[in-house]
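Undergrad: Each chain, written out:
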Amino acid sequence: MSHDTAISVPHGLSHITSVKLLLTVWGALMVGTALTVGVSYADLGVWALYVALAVAFVKATLVALYFMHLRYDRPFNAIIFVGCLILVALFIGFSMTDSEAYRHTMVGGQAKNVVQPDLSASAHETPVPPSPK
Amino acid sequence: MTQMNVTSGAAVSAPPHVHPKHLAHHFDTPQQQFDSGKLGIWLFLTTEILLFSGMFCAYAVYRANHPEIFLFAHHYLDKVLGGINTIVLICSSLTMAWGVRCAQLSQKRGLVICLTLTLLFAGVFLVIKGVEYSSKYEHGVFWWVHKDTTLYVPTHAPHGVEVVPSQAPTAIVVPAPATTPTNALAAQSQIPQAHVGPAGISPAWLNRSAPQPVAGFDKLVEPHNVNIFFSIYFVMTGLHGLHVIAGMVVIAWVLRRALRGEFDKDYFSPVDYVGLYWHLVDLIWIFLFPLLYLIK
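So the sequences go chain by chain: A and B. Counting in this note's numbering, the first sequence runs from 1 upward without gaps. Counting in this note's numbering, the second sequence runs from 1 upward without gaps.
Source of the hints: derived by calculation from the structure; they are not laboratory data. Be aware that a few hints might be false.
To be verified - Dumping the calculated EDC-like pairs for lysine to aspartate or glutamate here, alpha-carbon to alpha-carbon at most 20 Å:
hint : chain 1 : residue 1 : chain 2 : residue 2
1    : B       : K108      : B       : D266
2    : B       : K108      : B       : E262
3    : B       : K21       : B       : E262
4    : B       : K21       : B       : D264
5    : B       : K265      : A       : D73
6    : B       : K79       : A       : D43
Unchecked claim - Stretches of chain A that chain B covers, calculated by requiring three or more beta carbons in the stretch to come under 8 Å of a beta carbon on chain B:
hint : segment
7    : 31-39
8    : 47-57
9    : 62-68
10   : 75-89
11   : 92-104
Here a beta-carbon is modelled for each residue, glycine too, at the ideal position from N, C-alpha and C.
Let the hints inform the model, and build the full structure from the sequences given.
TA: Put into structure tokens, the structure is as follows:
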């Protein structure tokens with residue numbers, strides 16, 4: 001469905017995006033980027049990641065729907081794309097629940113049973129190598 | 001529509017081969033050809049998404065298990081450069097989508113301008129990436145760590161990061177070795193006995209020279225295995241960069257065809273499909289940027 005009013009063409013191969021729509025989506029993406037970077041300077045704690053991902057999701061949706069034409073395409077293309085995202089969610093989701101299950105066995109970033117060196121400032125002794133016998 | 005040549009014993013003059021110029025023989029209509037090609041490129045894009053999702057999975061699992069490494073390592077990543085790169089890629093997506101529109105309207109000049117701008121933006125992206133990579137090398141953080149990576153931050157350290165107040169570097173104490181040398185030869189050795197870890201990291205290595213403290217700055221405690229973060233960083237951004245380069249090559253090919261006037265409102269599918277690929281490259285970066293650069 002081509003809705004370009006300047007040129008009257010018969011039904012073309014595909015919908016033609018108007019300049020206004022292109023620029024509006026571009027503007028929204030710019031705002032989203034500014035928002036993401038701006039929010040990162042604020043101290044949100046654990047929510048920082050979720051806010052950043054949410055904004056990224058909105059930006060990705062805009063790119064997919066309008067720049068990639070999914071909104072005006074045959075629905076099957078959108079079904080393929082969304083199906084792929086569902087598979088990715090399964091992939092990452094299950095992997096993370098799996099690693100969550102053994103996280104309690106991890107010792108502060110090290111592999112199990114590895115002795116952590118004492119890097120605190122209160123340590124003052126200099127280690128003495130064993131004297132040769 | 002395509003005409004079939006009828007094979008018979010006698011030589012028959014074939015009727016004229018009538019069909020739209022760009023319609024391939026295995027398609028019935030240009031619309032079917034266009035839709036099939038679109039389906040094909042979307043299937044390819046889903047394979048690309050799954051390719052990157054493997055790396056996102058590695059990122060997710062490793063970040064969940066070792067948050068201290070990510071918190072430490074993000075000091076090496078420049079938010080401003082990353083933000084500029086995001087803006088550059090979004091602009092390149094705009095010019096690419098605009099180029100597709102120009103092709104659909106048979107506007108050859110507009111199409112060429114848009115494709116050229118897309119290439120320029122992509123070039124800028126790669127240059128900024130190169131600057132970032134070279135600065136990583138100077139800091140000594142590639143996927144191996146080849147320098148003392150002690151970092152100094154202003155005294156008000158970010159939340160959640162362990163800091164050591166600035167003072168004269170002290171020797172690191174390690175627990176006494178669990179076992180004494182078992183044979184006479186080992187007992188005669190001048191080499192300090194190893195204390196820590198399966199590889200036997202010696203105290204001498206742990207006490208390796210650290211820069212002098214700087215007034216008003218605190219020293220960040222470097223967690224172990226920080227090079228693994230950078231492995232993930234370089235693989236993800238590196239593969240993305242390879243995709244950008246490949247995209248530039250393909251866009252240049254489409255640009256060449258556009259300059260020869262091969263695209264018009266009846267045939268613009270290469271522009272459209274290449275545009276879809278380029279938007280995917282932008283999409284991936286939209287997710288890479290906050291996950292790698294904006295960790296708090």
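Undergrad: Please name the hints from earlier in the document that this structure breaks, with their numbers sorted from lowest to highest.
TA: Structure breaks no hint.
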